[in-house]
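Student: One letter stands for each residue in the lines below.
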Amino acid sequence: MSDQVTVTINGKEIKVPEGTLIIQAAKMAGIDIPHLCYCECLPSTGSCRVCLVEVEGGKGLVASCAQKVKNGMVVDTDTEKVREARRFVLELILSNHPGDCMSCDKNGACDLQKYAYELGIEKTSFSMKDPGYDVDRSNPFIERNYNLCILCGRCVRICKQQGADIIDFVKRGMVTKVATPMDRPLQESGCDFCGSCLAVCPVGALVEVDRRFCGREWEMKETKTVCSYCGCGCELVFSTVDGQIMRATGEVSCDYICSKGRFGWDFVESSERITKPLIKKDGVLTESTYEEAIKVVAERLIDIKKKHGANSIGGFMGAGNTNEVAYLFQKFLRAGIGTNNIDSSARFLGFPALIDLYEALRDGAVVSMKDVEEADVLLLVNADLTASYPRVGASVKKAILNGAKVVVIDSKKTEISELADLHIEPQVDSEEFVLSGILKELLEENLHDEKFTKKCKNFDEFKKSLDGLKVETIEKETKTSKDFLKEAAKLYGEGKKTIILFGAETVSSQSMGLIADIALLTGRTKASVLPCLLSSNLRGTIYMGALAGFYPGARRANEIGNDFKKIWERDLPDEMGLSAMEMVENMGSSVLGMYIVGADPVAQFPNSSKVAKAFSSLDFLVVQDVFLTETAKMADVVLPGATLAESNGTVVNLEYQTKEVKAALEPLAKPDWETIADLSERMDYTMEYSSEKEIAKEIKSLVPIPKKIEKNTYDFIVVKPKKSGEEPDGKYPYALIVGETSFGFYDGQRTRNSKLSILELNKGNYAGFNPEDAESLSLKEGDAVLISSRRGKITTSVKMLGSLPKGLLFMPSCHEERGVLASDNVDSKLKSPQHRLIAVSVSKGGASK
Amino acid sequence: MSDQVTVTINGKEIKVPEGTLIIQAAKMAGIDIPHLCYCECLPSTGSCRVCLVEVEGGKGLVASCAQKVKNGMVVDTDTEKVREARRFVLELILSNHPGDCMSCDKNGACDLQKYAYELGIEKTSFSMKDPGYDVDRSNPFIERNYNLCILCGRCVRICKQQGADIIDFVKRGMVTKVATPMDRPLQESGCDFCGSCLAVCPVGALVEVDRRFCGREWEMKETKTVCSYCGCGCELVFSTVDGQIMRATGEVSCDYICSKGRFGWDFVESSERITKPLIKKDGVLTESTYEEAIKVVAERLIDIKKKHGANSIGGFMGAGNTNEVAYLFQKFLRAGIGTNNIDSSARFLGFPALIDLYEALRDGAVVSMKDVEEADVLLLVNADLTASYPRVGASVKKAILNGAKVVVIDSKKTEISELADLHIEPQVDSEEFVLSGILKELLEENLHDEKFTKKCKNFDEFKKSLDGLKVETIEKETKTSKDFLKEAAKLYGEGKKTIILFGAETVSSQSMGLIADIALLTGRTKASVLPCLLSSNLRGTIYMGALAGFYPGARRANEIGNDFKKIWERDLPDEMGLSAMEMVENMGSSVLGMYIVGADPVAQFPNSSKVAKAFSSLDFLVVQDVFLTETAKMADVVLPGATLAESNGTVVNLEYQTKEVKAALEPLAKPDWETIADLSERMDYTMEYSSEKEIAKEIKSLVPIPKKIEKNTYDFIVVKPKKSGEEPDGKYPYALIVGETSFGFYDGQRTRNSKLSILELNKGNYAGFNPEDAESLSLKEGDAVLISSRRGKITTSVKMLGSLPKGLLFMPSCHEERGVLASDNVDSKLKSPQHRLIAVSVSKGGASK
Amino acid sequence: MSANGCSVMITLEFLKGFTKDKMCGKCLPCMLGTERMVDVLERITKGEGEEEDVVLLEEISSHIIDTARCKLGKDAAVFIKDSLSSYKGEYEEHIKEKHCAQKSCEDILNYWINPEKCTSCGACKVVCSEDAIVGDKMIPYLSDNKPYYIKSKKCTNCGKCLAVCEVDAIEIV
Amino acid sequence: MSANGCSVMITLEFLKGFTKDKMCGKCLPCMLGTERMVDVLERITKGEGEEEDVVLLEEISSHIIDTARCKLGKDAAVFIKDSLSSYKGEYEEHIKEKHCAQKSCEDILNYWINPEKCTSCGACKVVCSEDAIVGDKMIPYLSDNKPYYIKSKKCTNCGKCLAVCEVDAIEIV
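Protein chains in written order, with this note's numbering: chain U, 10 to 858; chain A, 10 to 858; chain F, 76 to 248; chain E, 76 to 248.
Hints may contain errors.
Taking lysine-lysine and the PhoX-like style, the derived pairs with C-alpha atoms no more than 25 Å apart in a straight line are [unchecked claim]:
| hint | chain 1 | residue 1 | chain 2 | residue 2 |
| --- | --- | --- | --- | --- |
| 1 | A | LYS138 | F | LYS149 |
| 2 | F | LYS229 | E | LYS121 |
| 3 | E | LYS146 | U | LYS68 |
| 4 | U | LYS505 | U | LYS414 |
| 5 | U | LYS186 | E | LYS173 |
| 6 | F | LYS200 | E | LYS173 |
| 7 | A | LYS407 | A | LYS422 |
| 8 | F | LYS95 | F | LYS149 |
| 9 | U | LYS77 | E | LYS101 |
| 10 | E | LYS178 | F | LYS228 |
| 11 | U | LYS138 | E | LYS101 |
| 12 | A | LYS123 | U | LYS230 |
| 13 | U | LYS506 | U | LYS720 |
| 14 | U | LYS535 | U | LYS499 |
| 15 | F | LYS221 | E | LYS146 |
| 16 | E | LYS91 | F | LYS221 |
| 17 | F | LYS171 | E | LYS228 |
| 18 | F | LYS229 | E | LYS146 |
| 19 | U | LYS180 | E | LYS173 |
| 20 | F | LYS226 | E | LYS171 |
| 21 | F | LYS200 | A | LYS138 |
Hint data in this document are derived by calculation from the structure and do not stem from the laboratory. Source: prediction; values computed, not measured.
Bound-form chain U, shown alone (with noise of 0.2 Å):
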């Protein structure tokens, strides 16, 4: 603890640490001072002068925002000397802030409305000016409106801080604005639209363009949730009025959020919601009400359990539900079907990653993203951060501002890799031989942890084998020199607080067990690795056990004792159940009907032709779901759903957090969880919950929370290295990776479905090319473009892409044909797909969407 200081503030005494500014001193002592630049995550600038205090002794007024405490220091902050400073800057401001209140958004939140009422000023004794700026209405998400403008400055440095550094003052004096370069709008200058702007805007100069004349400032309602789209998990604070949402926001304005969160809730409001159950006649989907649409359901199912057995059902869902639906859904398919054939998109996205690294380090290695921000070192392996897992991204931009190292890991270059002290760039696909390289470095650097490794039984064979492979091999297969492997090795090597960073979808298994291995090496077996989720439950989808082969609370389908059979009162199947892609497989054969829940196989599943088929093979398939997805079309039935911002619950977030889910809305249509207990019901299996906290409690009593264990011995990993993907060929001269784009996500279900999808070139229908590839292809952005690969071919658009290298093709997972060409190979251990490396073939031509 650092050095405390004595300061009477208003005649009241405190002690503070050394080095407090006065305005953070008062604000310890309860009271406020009035200030407009000044914000408490960002450097102070001092420049508006609203905080001036009276200092004992001191000559003339002091910014309390720009001076230090001193021991002793007296400071009045509400003479008549210091309320007539402050009265003369506020009525220069306001006269030069031709608004009206009236009218305003802001008025009730304006930080200089406020200190004018306070002070007693109703008028600016001063001529009024108006600069007469065009008000930028040129997005649907910020208005800006520099004629409001105080020129505090705090949107310039908070893009500094945590958006995409776009903005500053331009020109100077009274003609000083705000601008972005050339004055461009937003979306043409690289505006990443966290809108932290926004968030810290005192005025009404920057405003949530859905508000405008919605509803002001105390007609709103706030609910405090957790955003719906990655695994951040960020608390988003939704106000509404009448029942709509008006704004998303941290729950402080300097929280960071990225665009999905501040702008992308509004697919919830998006007509597209399937808001009415639908029942196939006559092969036609049509409207009907929620009785006779699970009367129907139970009665199909019913039906083929008898015919066929209980295994002839299964069920799938997406890893973006509360844990009380997770629960309630395999439970219904465990208990009340009689099958374990349950599975869900956890298998897709992370899930082998999440097992291996449980395996090797345990929970106990799982930092928070605040780690990362305090961290000295951060390796990303395979992370594209700002894309994928935003505040991850915004966590490792304020380390580096801080003064962390970052060694990035990527073939293809990425926002953070711009910032990053060493980017290696491996050729694609090559990681393992990247990870494997340090390790050697590491171990020839001497930088290991002898203590540590000493304690493992198996550090010889380990040794032993990474003896066993050649530098010169890896930098063959890597295309990259040892020199770069052995600076990351000494960066790593040689930090204090060091952190790996990866997506957990985007590494191979083999790769998580050298990452792991890393970590050991250097004895670094608590708080040492974050494992970026892309889903908002992931964790919590896995530990309720919404998937094959795991109860909840991790247990093995054949390790569960008596307890799930005494709480569920129902015999509980024998079998491990089948996974996602086995139960693609026996589709026709032995599984006949299906229900879905929150997830689109035929879309998202690789090789989405054949999965199609599979599907179509169907005896009765129920989708309940918040769109009319591909799989939904297909549907006998289909179930209205609900999204997380009209959900009560928890979920789990990449920091292994649980997290209090609440409805800011109405839902369209019932809870998830009353529609699976209905269906329950009427299928004779008795599921009365008054309300989500009383499943909450049922889970709780048969598994504990989801907390970091830690483990006592470790072992290495031995890996032998390998490339995991389809490696391009003659035929199929180029590589495809698949991944995330800044403002889609995951399937573009959510994101198409709002205003967001404006930001992304054809909604996010395109392949990304080198500039050079495309070239030598004769390709210009936006020409129309035939891929292949061995499962199919699209037509798409073409966009330049120059962070991709060479031969390497990107396209967005929210392409809405992502699954046609991917490969349905599944890892024989864990069933999950390896389609992260595709190769294809590319021709102009096809017509262009």
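Given chain U, work out where chains A, F and E should sit, using these hints.
Tutor: Positioned in the frame of chain U, the structure of chains A, F and E alone reads:
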């Protein structure tokens, strides 16, 4: 029920009663039509044109506040044409509204702002005009800024309807302004400061002075409770910011609340409040801790009881506490101490009338204020309604606007007598003769209900007694022609819905009997009278048994069964208990210890010098109150009390309705019930209540909620009219009455500590004289005058009161020395002082205060 | 001030008369709207009118016809509309050329001493309360004579000089 | 526009220079305050100043001295204060008499054609882009000659006529 018509508004079909205005019909359909001049409780003027709508088939737009629905009418309230017209009108109004919402206290509650926002008006397209009026800040109640006035006329209309009718539009066109006659300040224009204008002003033209710059609309917390002044028990909503009251309003803006309700709450925040217990040490009241004070009181009371027996202790309380406090206080004395010596101000403030009324007619005869508004004939006996019970006064005014006939019996002029159809001004103190005369005339004119009177056993005896009273005697005693009595009898007898209103504390026991007789003679046993009560919980205090001779539930002290003993777990005393004046008589002899809660006997009781002497002879006096009253100054221990604004519980108003009291503020001290309970605990009589709700539960278990019980057989009250006051004679040639004034209240304890006091000459310390009397005594307004009665003399100021007849003097009840002159003669039956009329002599001189 | 034949001034005086006499003041659109039109017309007669002002007058009068409570206000608005369409040219002349052909709108006009007529008697300078007239009395045979002239920026067009000039040398231009 | 010896104009030009060159713009009181002073001074040089304007300038400069972040702004404010006290009379002349003795503040001044000097050549009328000059060319022996004059209310003091007049008949008064 009136005929229904069907209308379609914005496509929505609804049925509404014929004669409904379009704007009202829309509201019934859940559609709010913007409006500024229209106000639900006021006649429409159709002047602002903001409520224009389209009516299908009609030509042009229609003001929906001025047009009634017709069957089959199709209305559109939100077409582009309507919006454009509305925008035009609003922009015109805005061009004449040179305020900035920034510092306007109506920001957030302003209708003009609301509609402008809803229509997206950011600025008026017309040139702005600033009338440049001076803002009237000359009174501490209402700030009037007519620059912001939009000339909607709501204030003008409501002032006519429920105020003093002192404002109107002056001048024409653009220089039109709302003003008092000659544009004088309100306080010089006869304004009664009911603040109704304030409540209906849709913009910031009229604002409470108290709230200016003290907190914005959305920062306010609202608490609905009951006014602590008179017995009307109006519901008040307190708006507080940071624990400070900003304003008091009615539940709905049109609700009438009087100046005391709206502005008189500030005594609660007076610096004169007692906030710490005081203990007399060496003759000086000294601040102490709560624990010590409770300990001292307990020890002294235990000591007195041990030495002199329980009956040497007595208790007295005001009639303004909650039911819960009243109940607990009498329980403490009866069960805790063991004495029935418990009495309250109720005995002085109408208990005799209430008990007589109950005997004669039961509670079923008591009407509500709403009934008054709907009556067609009202008979007022000795009740200066607008000064004493202003809400009743407002109801009578409303009745008059609705066409009711009013007969007033009062020796002096009142606001209502000026509006009445007949004002009988009898010789002072001769009401009993007037009422007897009316009875005679009712019989003579055959206006009695023969069918009913036949059922009354003693009708003949009653009639005989009346026959024995000569008309000449009546005319002589009342100095009133029998023609007036006949007219009164005819008006009352021929009325359809007739109500007799009287001041419970201003009519004699015999008058009460005669009032009952009038109702009986015309067969009006139900819903026929309204006893006006001065204290906020008079009836509740009586019903809770805080009255010698009565236990809770109005059970006679000598008739209680075992239930009290059982629930209170104590044996109870056998005596009836001493009434207030009896306790005073016995102080220093058999009564040695007193516990006073929320009352000031030394100043209030008649013949106060004698009372003060009696109190000074006590062994021990403890006073629990909010101010340091005359009695508290004599106390050995003073405990801080809580005001109603800081209390939770219930009270019963003059309509016999139970109303919920809720604390709008944290109490400055403990709630009164807690202090009583703590003291009781300390004296080994356990009172373990977690909140006032538990006390209420105990009360409920013992006695039924006060309800209106009806009687089956009725008897006339046979009365021989007499004069009950002190008759003026040679030595004391003037008659003096004590009564309420508009801005004073009761003992003045509260109003003296309120800004209201500036509205009364010398804070109410004056005597009123008929100008002719004053002239004959050579007295001018403000002169010092010496007034003597058989009890004592006081020096006070002269005020001219044209409302008084010659020979009658008036003294405000809030006069600090009101007790000095009054007679302490008590009614032998009810032990209630007969202090209405005092014979006094007057001489010029003495030092005026 | 007399309207003479200037349509703008006639309309302004009609409206002023309306607000003073006929207007009942019972509905806001008529009361506020006609006053706003007075503002606009005054602006025009002072040479401060802008082209949008004619549109504004059109709009206000149309809206008054739509929203006003009674016929009086509506009729007044109709009068304005008629004037606007019948005398479009005159409005334009006032607005664009800052000129009133009828010389009714004094505020647009300049007082000017015609040196051809001026006898340099100095009477005008004496009566000018704004000190807007400078110059010296004619002294015969002096070559550096300072003629009389009116500083228009100080002149308020009060007309006093006009009244005293015996040779009508002061002209309104 | 040149300041010559007019203290008001000198002060205005100093301040304008300050806002364009020295001012860093990093604190609002200096940035906004000096600009407001520019507004006030411009008003005064245009003859639109009011007596309170001097007080306003005093206040703003005092406040800037109290609240500004660095010495630059404070020094500028001190300069204004000094000018206000040293040249009080000149400020008053501009405000009360709408007159600039140094003839620096053109906007207060009137352009006037001195008929004694004017040769009625018409050159000025030709160059006037505001059509502010009327009159006819001299036709010898014609009695009803129309001399040239400037309609000040249309004149923008642009100076073109001044430049073309060969006999210096156009005077600033």
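Student: Determine for every hint whether it applies to the structure shown.
Tutor: Now the hints, each set against the structure:
1. A:LYS138 - F:LYS149: Given that 25 Å is the threshold and the Cα spacing comes to 23 Å, the pair holds.
2. F:LYS229 - E:LYS121: 13 Å, holds
3. E:LYS146 - U:LYS68: 14 Å, holds
4. U:LYS505 - U:LYS414: Distance ~11 Å between U:LYS505 and U:LYS414 Cα, so the pair holds.
5. U:LYS186 - E:LYS173: 36 Å, violated
6. F:LYS200 - E:LYS173: Roughly 18 Å between the alpha carbons, so the hint for F:LYS200 and E:LYS173 holds.
7. A:LYS407 - A:LYS422: 19 Å, holds
8. F:LYS95 - F:LYS149: Roughly 16 Å between the alpha carbons, so the hint for F:LYS95 and F:LYS149 holds.
9. U:LYS77 - E:LYS101: Distance of about 20 Å is within 25 Å: holds.
10. E:LYS178 - F:LYS228: 15 Å, holds
11. U:LYS138 - E:LYS101: 19 Å, holds
12. A:LYS123 - U:LYS230: Judged against 25 Å, a Cα distance of about 18 Å means the pair holds.
13. U:LYS506 - U:LYS720: 20 Å, holds
14. U:LYS535 - U:LYS499: Between U:LYS535 and U:LYS499 the Cα gap is close to 20 Å, so the pair holds against 25 Å.
15. F:LYS221 - E:LYS146: Given that 25 Å is the threshold and the Cα spacing comes to 52 Å, the pair is violated.
16. E:LYS91 - F:LYS221: Answer violated: E:LYS91 to F:LYS221 is near 38 Å, above 25 Å.
17. F:LYS171 - E:LYS228: It holds: about 13 Å lies between the C-alpha atoms, which stays within 25 Å.
18. F:LYS229 - E:LYS146: Since the Cα atoms of F:LYS229 and E:LYS146 sit roughly 42 Å apart, the hinted pair is violated (cutoff 25 Å).
19. U:LYS180 - E:LYS173: Between U:LYS180 and E:LYS173 the Cα gap is close to 35 Å, so the pair fails against 25 Å, i.e. violated.
20. F:LYS226 - E:LYS171: 15 Å, holds
21. F:LYS200 - A:LYS138: Violated, at about 37 Å.
Against the hints set out earlier in the document, violations occur for numbers 5, 15, 16, 18, 19 and 21.
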